[in-house]
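Q: Put the complex together from the two separate chains, hints included.
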Amino acid sequence: MHNPASQLQPASPAVPPAVSARGLGLTFETNDGPVQALADVDLTINKGEFVSFIGPSGCGKTTFLRVIADLEQPTQGAISVNGMSPQQARERRAYGYVFQAAALYPWRTIENNVALPLEIMGFSAADKRARIARTLDLVNLTGFKKKFPWQLSGGMQQRASIARALSFDADLLLMDEPFGALDEIVRDHLNQQLLELWERTSKTICFVTHSIPEAVYLSTRIVVMSPRPGRVTDVIESDLPRDRPLDIRETPAFLAIAARVRDGLRAGHSYDE
Amino acid sequence: MKSLQLWQPWVVLLLLGMAWLGLPFHSADPSPGLEATVFILLLLGAAAGAMPVPNWLRLIVLAVAPHATAWLLIRSLLERPGSADDSFFLALAAAWLLAWQLVALLSAVRCRRRDVQASLALIIPMLFGAWILLFWEAFTRGLGIPFILLPPPSAIFARLVTSLPVIAADVNQTIFKSVLVGYLLGCGAGFLVAILADRIPFMRRGLLPIGNMVSALPIIGVAPIMVMWFGFDWHSKAAVVVIMTFFPMLVNTVAGLSVTSSIERDLMRTYAAGYWQSLVKLRLPAAAPFIFNALKINSTLALIGAIVAEFFGTPVVGMGFRISTEVGRMNVDMVWAEIAVAAVIGSLFYGVIALAERSVTFWHPSFRSGRA
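Chains as they are written, first to last, in UniProt numbering: chain A, 1 to 273; chain B, 1 to 372.
Residues on chain A that point at chain B, a partial pick, calculated with CB under 8 Å:
no.: 1; residue: R93
no.: 2; residue: F99
no.: 3; residue: A101
no.: 4; residue: M121
Keep in mind the hints are simulated off the structure, nothing from the lab. Quick reminder that beta carbons are idealized off the backbone N, C-alpha and C, glycines included.
Here chain B stands alone, though its shape is the one from the complex (with noise of 0.2 Å):
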């Protein structure tokens, strides 16, 4: 590991130096003992981002400094909520350069071993969002902000906890019956129909453009009459996804099935291959990075679809029929632990696409670089 030199442990002298101007961290109820280990805690962390110290030492201060503070200053606010004032902040601040400086080394890490080099691609991104985390917990929490306007996050972790049977439910209503049903017949549907599309081309000429305008249909429209038509069980949520999810997949493929050049076309005539030969040797082999496209997409757009359908009617559960009602009733709480949920599922479903696409089309030059 290359030794950094780095600017953040002055300018965590300085904020120290600030915050001590500014003592004491909690104005209504000072607490000497946290803000000398506060102090202490940072000025170690300060010390070894700065002195020539070997680097497992560094690394390891820079670990426990800066969250250990963080946690002391987010634990001292459950006694003294709303009344945190500017040497606090100060303090936490500086405790956030510490941690930056600790993934500026990370970032640095240049290892051979996989395992190391694959926990530190996870390590990096969870240590960015736990950050904004804190901050969240702190802003809220230390400023006395309104539970309304923003819980903190620990207040909907704990909510998450104890409704999970709730939560559970809606996910299986929405999740796994909408959203899957729906995004299955889309992009089924969507793919069958640009085969047919481009087999026959008065199709592609005439089913374009209305499939254009089918796309332009705002769903706040379409969900209504759709609740209508199928009821308002999940049917009428899945089918939203469907005209959702439709489009993108028939676009992405009939683009995709149109990307072979003329000498792969040509070297297929040549083996006088008949018509499905070719689309099942060439053609779909070649438009798959388009259909990947299309599925991730619709990845998104089907749990977006199937959420805002359930505004316009649904049996009482489902995430987007929970958000509704409990919004109504300022349990905000609740509203962002299905948002969190609902963040994670999509998350999960984009990756699983995004990791069959890689393992499909790895030989895309967008993929190749590691194999070539």
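Isolated chain A (complex conformation) (with noise of 0.2 Å):
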């Protein structure tokens, strides 16, 4: 397969890929008796690579994320985050994690909830008062450094959090339904943002969403999972150029891609319970 981040970073030992899992298993002990949150997953994600993980409710997507971020155990197979432990790789603060709901301290003004992580890792003054004016920026948010948060919109307050996750300078980032609650216009325009920001940095993002069109116009690939037990059905490959226009989603490669997801989603999707 054809695979455009191989192309940005020869594969070579020296580098290992950000995040790799095999025979991959999680299953939850709940009062009703075993569920197979994660069954048999195999994947490799390299650097640079714009993942999105799509698929229905319970199919495990935020339940892998969380495993990459050593938020949750595996109970079989194997994972690696840069090569490393998942654990090792957190405690090396090796990602930032955008959550579903901002989750900003309200106790604390925007530039300051930036600061967070800064003042948890020990930057120095000087360093963390760049790396906020810098994160700022790069989502917009400058102006309203002294706001505190539940004086934003929540768009706002999500790309705070954004901000948050960047500042201190993690290259994988990984994103759950970051903009789901978000309506379509600010959820199109912070979609621009994040090409944007992926672009300048070239960081490696992981994406889970629910959101075909979202998917499609972010990632360079798209995994499609299905669930009882959560498991990969589908790995598809976009062709579409790096540079993408809001518009390229009326484009025929577009649609095209768009209808592979669509017909994944549906091959491991069963309507009859």
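A: See below:
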């Protein structure tokens, strides 16, 4: 299969993949018996890729992201992040995580929210100021740095939470339906900004979404998942150019990929329950 | 200001009619001059309240007429204690209705200026409280209620002013020693133990039920034991206050430390934040509303605890000691004076904590409306 990311960074043994999962499985023990959230997931994400995870509720896409982040422990198989165990990667602050909700602390101003990881990781005061200024500028929130989160709209809050995840320059960005609660217009705008940011920073981004257009618009690769048990049913490479204006979504190439994603989702989804 | 149509002036006229039929004010010693003045003042007030006059004029008349009336009526009782008749109280009720209309008008004032709003927020409850005291004074003096049952507020105030050195010594003993020391120790210990209990699960399981039991101990039973343990001076009272304030702080802080959402905690985990970092940067700020709740509850509990504990043995100073001995000597005005001082100090104590709460937890939804 043709892989655009491998052109950017020639595979070499010195550069381990951002994420590599082999036979990964996770079973939750619940009161109603075991629930298999992930089963037999094999996936390699190379550095610089933008990978979307798409699938219906319960397909394990969020769980997979949380396993990468060491927020859940797999029960079968193996996974490495930057060539390390997820725990080591977390302890070395290898990734920034953007949650479904902005989860900004209401007692901190926007700039102090962005400063939170910097304080915890012990950056110097001057470095902290420079990073806050740079990341707030990146998400166009410079004028709002003295505001409190509850004084801003939902879209602005989510942008601030992205700034917070970017501030300490982890080269892996894990995003769990970050725009799910926002309206279409704001979402388009943030999608565009996210692509620009990815272009400028050449980070690796793992992006969980419910939306087919969003997945196709953003990604270099789309991982289609299906529930019960949560598993990967298809991995679709996108051959769209890296420079993507919003109206690329009306082009036949875009629609063809969207159709493949839709077929993949349908194949993995049973309606007989 | 919007012009309000109010019913009070018409009832005032009705009350005045009834008062006129029941004249004189004082059956023992009629005073036509006083009666005429009161009727004129109240008629003026009713007229200003009912007729379409400019608002500033209405406010001035309504501010002056009822309060001048009340002052005249109560002053007339000085020479004629216990002689007030029905018409006296009807006139007082009429004056009160006019003051009610004044408060209603002031409540409807919408002004952009903050100092005006702030002084209105003070004036309205002060008028309210002043009328409670006026009625109290008029009933106790007018009906000749025995001093032992209920002394008039003027007598309580006079006693307070003449006994200032004694009361100051009592406040120093009870408030600045027992209450303050006990409050700081009890709240501090409750807070620290809450953090321990949160960190060590077996302490949470073992300590919370025992703390629950301690808080259910009757203070009446604990106080004499504390006096035996810690002696007659303020130390035993502070110990009672510690027992009373420890548990509310413990329970509230433990509850507050667990209010953070899973996303907020996951966020800290993704930063590989340590226990203390998440405690200081996330869990304690999130617990602040709970901690302030405990501080507010404890501010009143501490006062009660210290005063009641002094009933069980104390050096010859202290608010609780004073209340228990002066009641025995039938000096109820002194008892009331101590109660008044305790109420004012308790309110100030609570108010200071409430202000601190407002500035620390400004971000909480219950406070943020003004800044959003």
